[in-house]
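Q: All chains, please: the whole structure from these sequences, using the hints.
Going down the list, the sequences are from chains V and E.
Just add 29 to the spot in the first sequence (first one is 1) and you have the working numbering.
Just add 1408 to the spot in the second sequence (first one is 1) and you have the working numbering.
The set of hints was computed from the structure by calculation and includes no laboratory data.
Hints are supplied without guarantee of correctness; some may be wrong.
Example chain V residues on the side facing chain E (calculated, C-beta under 8 Å, incomplete) [what the hints assert, rightly or not]: (1) Ile-76; (2) Ile-99; (3) Ala-150.
Backbone N, C-alpha and C fix where the C-beta goes; we use that ideal spot for every residue, glycine too.
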Amino acid sequence: MKFIKFLLVGIFFGIVLVKSEAVSWYRIYEMFRFQSFHMYGIIGTAIASGILFLQLSKRGGIKSIEGADIYVPKKDKGITRYIVGGIIFGLGWALIGACPGPMYILLGTGVWSMIIVIAAAILGTFLYGVLKNKLPH
Amino acid sequence: MEHILNPWPWYISGPLIAIVMALLLYFGKTFGMSSNLRTLCAIGGAGKFADFFKFNWKDQIWNLTVVLGAIIGGFIAVHYLSNDSGTQLNPSTISELQNMGFDKPGATLVPQEMYNLDVLTTPKGLLLLIIGGLLVGFGTRYAGGCTSGHAITGLSSLQKPSLIAVIGFFIGGLIMTNFILPLIF
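A: Encoded structure:
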């Protein structure tokens, strides 16, 4: 039962990303061609709302369900891994038109070929794990 | 009801995505979808090959539950909360894609030219999906996050590493869409 809230958040997430068309391959294409404001509007308002929530929770003392402060894990310092890893991710994102959330959501919408993409993404993550110590970070 | 069945505008959708992040933080967790790929590796026994996968994956079951929900959410959205309005793309996007050989841009969520099951039987079609998946899976872990972890959560919490990663996402995306896709199609 303790997982039911996560299931509900996931369902909500899936519905929002389909209805916002953020899972559309075409919307991603359009974004990277600067031919529509749609995706920029989504990402921009999501970040603006997120900043607002985190600032309010810091100042207004919104606590988590366990009574602790709202905590966002800090990313490690560095430049190389973020820029190089980011570019590799971006190349894939624009090719298949889906990032890790939408991959699963699109599977739910009935895009069965996405199983191939997800399997390849798991393999890609595995390759990173194996090569991690040899890569500049 | 019509407002729900039609595609939702960006100024509604963006804040709703922030609510997903806020709810997960409220539940004492964090919004990061790509971590599940690492968890799936660990479940599959990848810990035998790299220490990176040696962790207690059972602590991540909550996140796999979010994934399960997302799949169900995708199903509900297309079957019960949509009409056949399609995606209203920029007319120049449509004509551009038609010139590249895409038949009905925006009619479905993903192009049939890439995702139709028939395409899987062609080496080119299969290879594109595999390469795309590999790039996403490798890149997201190298960068330590994806669109949810860096672009939404990282930028909302004003973290510089996430800004660098998102700039990387866009450099890669711009190169693929503007220079590589026209060579492929």
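Q: Holds or violated: V/Ile-99 as interface residue toward chain E, Cβ cutoff 8 Å?
A: Where the cut-off is 8 Å and the nearest Cβ of chain E is about 5 Å from V/Ile-99, the hint holds.
Q: Could you check if V/Ile-76 really has its C-beta closer than 8 Å to a C-beta on chain E?
A: holds (5 Å)
Q: Let me know if the C-beta of V/Ala-150 comes in closer than 8 Å to any C-beta of chain E, holds or violated.
A: holds (3 Å)
Consistency note: the structure conflicts with none of the earlier hints.
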